[in-house]
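For reference, the chains in residue letters:
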Amino acid sequence: MTGDTIPEAARLPRRAGAGDAAGEEPRPRRQPREDGRFLFSPWHLVLIPLAVVMLVPMVWMLVTSLETLNETRHFPPVLLPHTLAPGNYAQVLRQAPFARWFVNTLIVTVATVAGNLLLCAMAGYAFARIKFFGREVVFILVLATLMIPFQVVMIPTFIIVKHLGLINTLGGLIVPNLAQAFGIFLFRQFFRTLPVELEEAARIDGASRLGVLFKIVLPLSGPALATVAVITFLYTWNDFLWPLITIYSPNNMALQLGLTTFEGTHQTTTNLLMAANVMSLLPVLLLFFLAQRYFIRGIASTGLKG
Amino acid sequence: MTRIRRIAESDHFSGWALAFPAVFLIFLFGIVPIIWSALLSFQRTNLLSPPQWIGLANYRALPSDPLFRQSVVHSLVYTALFVPLSVAGGLLAAVALNRRIRGIVLYRTAVFVPVVLSTIATAIMFLWLLDPNFGLINFLLSKVGLGPYGFFDSTSGALYSIVGMTVWGWIGFDVIVYLAALQGIPATLIEAAEIDGARAWSKFRHLTVPLLGPATLFLVVWSTINALQLFDEVYFLTRGGPGTATYVVVYYLYNLAFAQGIAGYAAAIAYVLMIAIMCLTLIQLGIGRRWVHYAS
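These protein sequence lines map, in sequence, to chains E and U. Per the working numbering, the first sequence starts with residue 45, numbered consecutively. Per the working numbering, the second sequence starts with residue 756, numbered consecutively.
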């Protein structure tokens, strides 16, 4: 399937500081700016409408979240609210177990990210460096799961999780996602780019495999750790279908599922719905701006979105 | 004692010890369910009472199931619109964004941000943006004498509204991939074309587009896989409606398995979906191999 494209696309950049796609880093000097200090590049005429189209839905959500209910029930729409109503946000927190959903999502996301970093790094290291019985076959089986649509495994996974007694618990959201094939693959590819001599020297000095991994390899693996962390965070925070199947009581819901029930009861209070939506986005947006480089690299290399 | 130590220090042991936790989880939640799903697809089962083996009956029933046929058509229409629009849109946007001009970081950020938004958050935004009564888009359309449109509420427009919304949500992903590929194009190639007097359009058509071939192939394959799995937006915005206007394969499958408890039949649909995705991917890669030129 995507076997032909994944290895090429998943090649991790070796230089920690080179955010190729991010665009914050200056490109080589031989390419001067295309517009001089006072010249207006015609490309702005293309890029401004593009940026407007991309930003309007988000800005409109933000504006609506600060409007009063009457202002949202008005046509033509009130583009600039007369007075800001930040009380909407407080009202959301009072009306729904929103804080609870937020904490639930945070617990699930942090646990899933931690699990993936630890377990995938360990497995990735074994696949990259240790020759053990059955390594190739197991690795191919792991990779094969990358190509299976979630819908195929969804029903039996539900039955398994039910047998484990984890339906309608946060554990049911965490355990099946604790180790993902793409994380193993990413770590393996990254570890293979590291020079092996350092590890061999440590082994001769009597360090165990686990010791080498934690004391020598992982400290050099910042970019891979960041990429897996950021992608797992995004995936877990935004996941919808699996929580929809496993969770039914409001107190155990994660944000995305909670938002849909909130929408069900607040269809007519758009301002509150938008305030809830803004709050649900804040952590992801915050992380995006803090770690834009890793987001972009991770998205480009794993093909992950939503 | 020494023998135990020798085993514990062997590569077979340490390799398996390190790999085991992750491999076990992937085995339990990734590989076992694939086989289990295949078994389910040959059964009549609601997951509660004992299953009944019915051979290929689930698969045989599919072609004459009107709702399944509609779902397939809707999924294919959605994919046929979403993939070219998002990939071509991403290409044009990436070419526009691949330059050093003032404010470029802001432009890029504006295009990238929707990529990190969840499907539900995006759907909530567009539900309001496209509201039939108070929506901003209907207001703008009314300024030029159009509308009002029902968008997600309209039988004829709901699927296209979902196409538009998901293209908005995905285009940043295509841009990220294309920008990374564009920056891998050697500047000397572009300069050589300029020295040869190539015009902007012909440079784009005969140089940039072919050099981006591998990225395009990756995006087409990946977008198709994801488009055929459309679910969240349909579940949240339309529940397959109005009527059955937005019934797509995964929504139908979900409904069968988890609302109606017809798990065996749903598993058969999941398998058909998987095989369809694999076939489409192979076809695309096969066509791609003929047309895409890999440098070096």
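Keep in mind the hints are simulated off the structure, nothing from the lab. Since we're looking at a predicted model, the values are computed, not measured. Just so it is clear, CB atoms sit at the ideal spot from N, CA and C, and this is done for glycine as well. Take the hints with a grain of salt, since some may be wrong.
Said to hold, decoys possible - Some chain U residues near chain E, calculated using beta-carbon distances under 7 Å:
1. Ser769
2. Ala774
3. Tyr915
4. Val918
5. Val932
6. Asp951
7. Ala1000
These are the hints, each one checked on the structure:
Here the hint on Ser769 (chain U) is kept, as its CB sits about 4 Å from the closest CB of chain E, short of 7 Å. For the restraint placing Ala774 (chain U) at the interface with chain E, the shortest Cβ-Cβ distance is roughly 4 Å, inside the 7 Å limit, so the hint holds. At a threshold of 7 Å, the smallest CB-CB gap from Tyr915 (chain U) to chain E is about 17 Å, leaving the interface hint violated. Taking 7 Å as the C-beta contact cut-off toward chain E, the hint placing Val918 (chain U) at the interface is violated, the least distance being around 15 Å.
With 7 Å as the threshold, the beta carbon of Val932 (chain U) comes within range of chain E, its nearest partner Cβ sitting at about 5 Å, so the hint holds. Nearest Cβ of chain E to the Cβ of Asp951 (chain U): about 19 Å, over the 7 Å cut. The hint is violated. The beta carbon of Ala1000 (chain U) is not positioned within 7 Å of any beta carbon in chain E (closest approach about 20 Å), and the interface hint is therefore violated.
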